[in-house]
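Let the sequences and hints guide you as you build the complete structure.
So the sequence lines, in the order shown, correspond to chains U and W.
Note that our numbering has the first sequence beginning at 1, numbered continuously upward.
Note that our numbering has the second sequence beginning at 1, numbered continuously upward.
Think of the hints as simulated: they come from the structure by calculation, not from any bench.
Hints are supplied without guarantee of correctness; some may be wrong.
Straight-line alpha carbon distances no greater than 30 Å define the calculated BS3-like cross-link-like pairs of lysine-lysine that follow [unchecked claim]:
1) 132/U - 208/W
2) 227/U - 246/U
3) 189/W - 132/U
4) 110/U - 132/U
5) 189/W - 110/U
6) 29/U - 184/U
7) 227/U - 305/U
8) 109/W - 208/W
9) 246/U - 28/U
10) 110/U - 208/W
11) 184/U - 132/U
12) 227/U - 28/U
It should be emphasised that the depicted structure is a prediction, and the values quoted were computed from it without experimental measurement.
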Amino acid sequence: MNALLELRNIRHAYGLQRVVNDLSLILKKGAIGCLLGPSGCGKTTVLRCIAGFESVSAGAILLNGVMISNASFCLPPEQRHIGMVFQDYALFPHLTVQANIGFGLHRMQKTERAGRIAEMLQTVGLTDVSEKYPHQLSGGQQQRVALARALAPRPDLLLLDEPFSNLDVTLRGRLSVEVREILKSQNATAILVTHDQDEAFAIADEIGVMHLGEIQQWDTAYNLYHKPANRFVANFIGQGVFLPGKMLDPSHVEIELGTLAGVIPHQCIQDCQLCREGNSVDVLIRPDDIVHDDDSPLRAAVINKAFRGADIMYTLRLPGGSTALSLVPSHHNHAIGEKIGIRLETDHVVAFSRSAS
Amino acid sequence: MKDEALHPTENETGTRKAFFGFSTSTQRTSTGWRLIPFLVAALVLAPIGTVVSSLFAPTGDVWEHLVETTLASLLVNTFWLALGVASGSALIGVSLAWFTAVCEFPGRKFFSWALLLPLAIPAYVTAFVALGLFDYIGPVQTALRAWLGSDLPWFPNVRSRLGVIVVMVLAFYPYVYLLTRNAFLTQGKRSLEAAQSLGLNRTQGFFKLSLPMARPWIAGGTMLVLMETLADFGTVAVFNYDTFTTAIYKAWFAMFSLPAASQLASLLIVIVFAMIVLEQQFRSRIRYAEVRQSARADRIPLTGWRGWAVAGFASGALFFAFLLPVMQLSIWAARVFARAFDQRYLEFLWHSLLLSAFATVLTCSVALLVVYAARRHSDPVTRAAVRISTIGYALPGAVLAVGVFIPIAWLDNQLSEMAMQLFHIETGLLIQGTLVTMLIAYMTRFLAVTHSPIDSAMQRITGSIDEAALGLGLSGWAALRRVHLPILKGGIFTAATLVFVDVMKEMPITLMTRPFGWDTLSVRIFEMTSEGEWEQAALPAVALVVAGLLPLIFFVRQTER
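Below is the structure:
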């Protein structure tokens, strides 16, 4: 077991309001983890607890197997050797880029320090602007300075708090890939906090979806999308609708569009109550589960459409009256009100017990 | 159809914009508005030009005499005073700012606003109270001698360079305190947290981060202190500590040599401008983008003796800079009240109030005109003119008095000569020795004080606000009354209060340019203190302190919520 960071049932409260609730996670050395959730879910608080800016009221935080926080002890942030990239970067406005990057290297020899600064400037591609001040840089450059500054002292763990939220959308995508490459090249272990799933998918190896101070599911991006552990995760990750259905047997479920057959994720199999024949369930239908097919006898009315370049996202009214989304290649251009042929195409089924809503 | 009605075409908005009197549109340019900033700038530049030109004027006997006897000591005195007051104020101001902004200690909330109170007391009032209390014949030394039964060879001489410096530090430290505290508060906790995550503890964080980051504000506050110190006349006069301002006064009113006074003034101007240039250089090198405000840091608790030591330090500053002077003034004032509260006192008060009111109306109106003019024409030349017109605040009052008096005297002579030649009438002096001279000098000095609050209020009226008012059918005077005035009201009020109090406290301009016999509270204080009549000076001083407290309380209530 190669756990670099371990959170054991940590709890944190602001006054009476509990923001983090018995939260546990384990992060391996060299992995990039992510806490993903809507604003106010407590994800930033978890990060600040790890950094040591907040203390925990119960539970424990271990770094390299050493206790750094529990209910009665909180190692000061400056002794944790944990780096942090802040949401607003918190660059020091009175220092140049290289002085910012060298700020945490105050214990190093002069030459060693200069070498490390040069190396980091190279890594983040900012050698040309090393003499400039933060306010002279673009948002993306500032972001990279913040990253380089946090990575320069070779922290055991790097924390990134909504690192791309101040950047415009086009820049976000490019930078998140770049940041992942930098982190991997430095062999860094990191935790990222964000509310943007594209960002999380682009950077992280493992993602924890947070809601109400708890991790709902800690998994890979693929599994979060295709095997959501509960309704919250299913709703939060990706797009889709729930359609009512009836279980026929543990691997078949009938909905208004027909019978779905497929591997029902293991969490459903475990829940025997759910899989029993005749049970009412809600079945998650993703936009890519409904395929447009002109020859199909099954028809649905277009009630809305969003052109997205390569494809069009249609909102359809199904014969039974419920709505569903369908992702269709964009040369299949249909008008609103038109009825188009659709076909179900699923290789696994995600269903939740009706009563669970 | 309905949609079109709601959104006028581009052309339509264009014409409407041009229609609107105060819009930033350049379609309706009028030379009148254009000229205002330049006229005001010229008015400000005239005294500066007058004084500076005398730097190269032929030197007279009085000047020779001054150079031989006093110039060296003036320079030495000014140097040590400026150095001592600036460093003392910076030390006290910055440390108090740090403790109240970032730490937690007993009484912090109270001290954070109370430490501004000394701003209400003019430095020359603190000065004469200190002299009255701690001089050889003062109550403190007298009581100590009686108690110990011996002389006090160890008691520091109050009438000394150190004495002036201490008094001025007590009076001026709040400038540094106010600005630096703001800097520390707006730094927020992010930067300190960033430093912590990079391995620095909080003490290291203060010296390596918070202090350097606050440097522009510390420099700004210290610069204000320096300006006040160089401009000061009353305090040094009370202490008989000769600096340029008192030398200017003596050259003019004791040696009756206006040229010598002007030459001294020109030297002082050179010093002041050297300071400004230095500061600008310093500032432009480290002009940071504004730090975004984030939640206030968790305060660093100062527990045990540390907390009480800091509370003691803050109490000491507050006691000596505010409580002690106020108490002593009250005692003196109460003692002489029956005798001194008479017709003449009311006359001083009336003169002070009247003068302040005139100056306030004049300065605020000119500031409003300048601000509107700059709004209509925001080209670089106009902006430069606006900057020049607010430069007067850097000019010491004694310098301005000379600089305004000389051109007016010249103008007066021209006028009376002209009247003589054309109409054969003896007009005498028309402007000289009237309130007009004083008011022009006040306006020059205090325009910056009114300009900045009115200008920042005006910044809030954006072009789109004008257009929104237009869109709702308001234009011209209606827009001015219903949109502009309510937005500007607060700024104008602040400006008026500040300048009112500043004029009331003002000493050198009032003393040197007032009409004969037109005595005000500050003139009375000067006359009484120069004879060592501390008690007699107390009653006018109380009025000034009360006047100074009003805007301060207003300010504190606004900011400390």
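Given the proposed pairing of residue 29/U with residue 184/U, does the C-alpha separation stay at or below 30 Å? 11 Å, holds
Starting from residue 189/W, check that the Cα of residue 110/U is at most 30 Å away, please. The hint holds at about 29 Å.
Does residue 110/U pair with residue 132/U here, judged by a C-alpha cut-off of 30 Å? Satisfied, since the Cα-Cα distance of roughly 21 Å is no more than 30 Å.
Residue 227/U paired with residue 28/U [C-alpha distance capped at 30 Å]: Roughly 23 Å separates the two Cα atoms, so the pair holds.
Residue 227/U and residue 305/U were given as a pair; does the straight-line alpha-carbon distance stay at or below 30 Å? 27 Å, holds
Given the hint that residue 227/U pairs with residue 246/U, does the C-alpha gap stay at or below 30 Å? 19 Å, holds
Holds or violated: residue 110/U and residue 208/W, Cα atoms, limit 30 Å. 17 Å, holds
Would you mind confirming whether the straight-line C-alpha gap from residue 189/W to residue 132/U stays at or under 30 Å? 24 Å, holds
Distance restraint between residue 246/U and residue 28/U, which requires alpha-carbon spacing of 30 Å or less: Status violated; Cα separation ~41 Å.
Given the hint that residue 109/W pairs with residue 208/W, does the C-alpha gap stay at or below 30 Å? Holds, at roughly 27 Å.
Residue 184/U paired with residue 132/U [C-alpha distance capped at 30 Å]: 27 Å, holds
Does the alpha-carbon distance linking residue 132/U and residue 208/W stay inside the 30 Å limit? The hint holds at about 19 Å.
Violated hint for the displayed structure: number 9, the only one.
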